[in-house]
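Visitor: Going down the list, the sequences are from chains A and B. If you want our numbering, it's the position in the first sequence, counting the first as 1, plus 1310. If you want our numbering, it's the position in the second sequence, counting the first as 1, plus 1310.
Keep in mind that a hint or two might mislead.
Pairs involving identical chains hold if they fit within one copy or between any two copies, as the list cannot separate such chains.
What the hints assert, rightly or not - Once the Cα atoms are required to be at most 27 angstroms apart in a straight line, the calculated DSS-like pairs of lysine-lysine come out as:
1. Lys1558 with Lys1492
2. Lys1479 with Lys1407
3. Lys1457 with Lys1488
4. Lys1531 with Lys1483
5. Lys1357 with Lys1315
6. Lys1492 with Lys1457
7. Lys1457 with Lys1547
8. Lys1479 with Lys1457
Since the hints were derived computationally from the structure, they do not count as laboratory data. Nothing here was measured: the structure is a model prediction, and the numbers come from that model.
Number of protein chains: 2
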Amino acid sequence: MATLKVPANAPPPEEDSEQLRKAFVGLGTDEHAIIKILAHRNGAQRKLIREAYAAAYGEDLLKDLEKEISGDFLRAVLLWTLDPAERDARLANEATKLLTANNFVLMEIACTRSSYDLFKVRQTYHVLYKKGLEEDVAHHTSGDYRKLLAPLVSAFRYEGDEVNMALAKSEAKLLHDKICGKAYADEELIRILTTRSKAQLNATLNQYNDEFGNAITKDLKADPKDEYLRFIRATIKCLTYPERYYAKTLRDSIKGLGTDERALTRVVVTQAEVNMQRIKEEYHKRNSIPLEQAIAGDTSGDYGKVLLELIRNDENCTV
Amino acid sequence: MATLKVPANAPPPEEDSEQLRKAFVGLGTDEHAIIKILAHRNGAQRKLIREAYAAAYGEDLLKDLEKEISGDFLRAVLLWTLDPAERDARLANEATKLLTANNFVLMEIACTRSSYDLFKVRQTYHVLYKKGLEEDVAHHTSGDYRKLLAPLVSAFRYEGDEVNMALAKSEAKLLHDKICGKAYADEELIRILTTRSKAQLNATLNQYNDEFGNAITKDLKADPKDEYLRFIRATIKCLTYPERYYAKTLRDSIKGLGTDERALTRVVVTQAEVNMQRIKEEYHKRNSIPLEQAIAGDTSGDYGKVLLELIRNDENCTV
């Protein structure tokens, strides 16, 4: 369930586009207006606003935003305004680059989007970068990470609910054997994680728990400091309990000194229109404070405001 | 270029459907009519005929064909009549089954279809089998074949003409190093073959030839009896010169005692509407006899007739 709130009678895109233009002109920028409009329009509406803006002013709304605002606020507004497939393609591309390399971002996109949405990311990647997503991922990763990531981003999983219990049983045993043998990058283990439907995988992991007495993620904690093991555990979480994965990622981005704004922004903008309601519930349950409160305490200025607008529960705009 | 000939004024699908029904009723079957109609309708028309048939008689045209005709003729007509994505999904599924396992068929579908057509095969596979194509391929293959096939069938290659010459040079060297070291299933070699665009791969292989004095396929003949090496060579041919691959496959299906009808049928029905003209030219050049003559000499009855109708050059129907 989304947390995004869209007014019942949103103005036509031409009017939104005009209001945004007004927010840019003259001395200073009306950040309040930017948030009020963009943080309360859904993907289809934001797309129409970008089109109306280009038609009326001959400029790209995103480029004009870059001239007016900056820093974390800018990054949040830009990513949010993008169409989801383009946003994911850009995040994924960034995650394959040397200075911004991030296997978790690639895995998150591969594992939490629907099969068709992931395919749309791959299509958009062709258009934007004249290359394939899996081409870049395979080229810029290596070792065990590549073995897992290349098939993850190429997957087109079946999405039906059908479960083959005999298969779940045999593959649970197979996974257990591999994990006991510390063969964490074994090709059978990777095959199961990267090709099975989420329903089938869930049945296999339930079977694992029933048969061997531990959750698989617990058995994958043999060495808590092993980064690759942490990556497999996160992959399994994304595939089976994405809201828990996201709640944990939000927690990690906020806790301690300093904030990981990239992670915080990414989770909020990619999930506000999708699953943020459940992520918030999970966050509250696990951390005993509401996500809004945690974010408000850790962010400031317009950046904090736009994130909070995107995840608020009450129906009325506060900005 | 296709060899399929469709009459300029094809009858409406309802009329074709009625003529087919007439060919089925009473004693005996009018095979001539079946060929005359179905072998001269394109994919969109065949689809409409199936729909019109189902609407008029409440039966599946393919099921009724199964009752009326048999053997190689039936298999050719059924495969031909299917929509290309469904045909490929069925061929691929068959190729993962124990008794009809065929890695070449999987590779052929993965490497010679356009990126989007391969994606449509994966979509259709979900609908038909409630599983993913790569899920079945990864599950039912093993060893080096799986390492190559799983990413091949999951690929969504970029299809632009852009070529990065520096990359072509460095990857040609990489391929040469791996082949010299007999590391034929090396993950870098597989990455290059399974993720690069066909244009980029072609540049890399040209660079290989220029730099090291041999075509890569020649260097991959170190052990002419090695089946996996033969498979890699075929993969490279499919990706860079599909018409040569198909001409060779046709030749292999015809030569010697007996005929490999499955291969012969598969190439004719999957290519008649796509690239058969160039395959025929390649066949003639390489074998010094026209493909029609070779097929006519090696097949008989209605089976031979339907294949010949699909690949003939002259504009008029002979049936």
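Visitor: Does each hint fit the structure? Answer for all of them.
Guide: Comparing the hints with the structure gives:
1. Proximity of Lys1558 to Lys1492 under the C-alpha cut-off of 27 angstroms is restricted to the intra-copy arrangement: shortest distance 25 angstroms within a copy versus 45 angstroms between copies.
2. Taking CA atoms no more than 27 angstroms apart as the test, Lys1479 paired with Lys1407 passes between copies only; the shortest distance there is 21 angstroms, against 40 angstroms inside one copy.
3. For the homomeric pair Lys1457 and Lys1488, the shortest alpha-carbon distances inside one copy (16 angstroms) and between copies (18 angstroms) are both at most 27 angstroms.
4. Proximity of Lys1531 to Lys1483 under the C-alpha cut-off of 27 angstroms is restricted to the intra-copy arrangement: shortest distance 18 angstroms within a copy versus 40 angstroms between copies.
5. In this assembly of identical chains, the alpha carbons of Lys1357 and Lys1315 lie at most 27 angstroms apart only when taken from the same copy (17 angstroms versus 44 angstroms across copies).
6. Proximity of Lys1492 and Lys1457 under a CA criterion of 27 angstroms is satisfied in both settings, with 16 angstroms inside one chain copy and 21 angstroms between copies.
7. For the identical chains of this complex, Lys1457 and Lys1547 are neighbours both inside a copy (18 angstroms) and across copies (26 angstroms), given an alpha-carbon limit of 27 angstroms.
8. For the homomeric pair Lys1479 and Lys1457, the shortest alpha-carbon distances inside one copy (24 angstroms) and between copies (25 angstroms) are both at most 27 angstroms.
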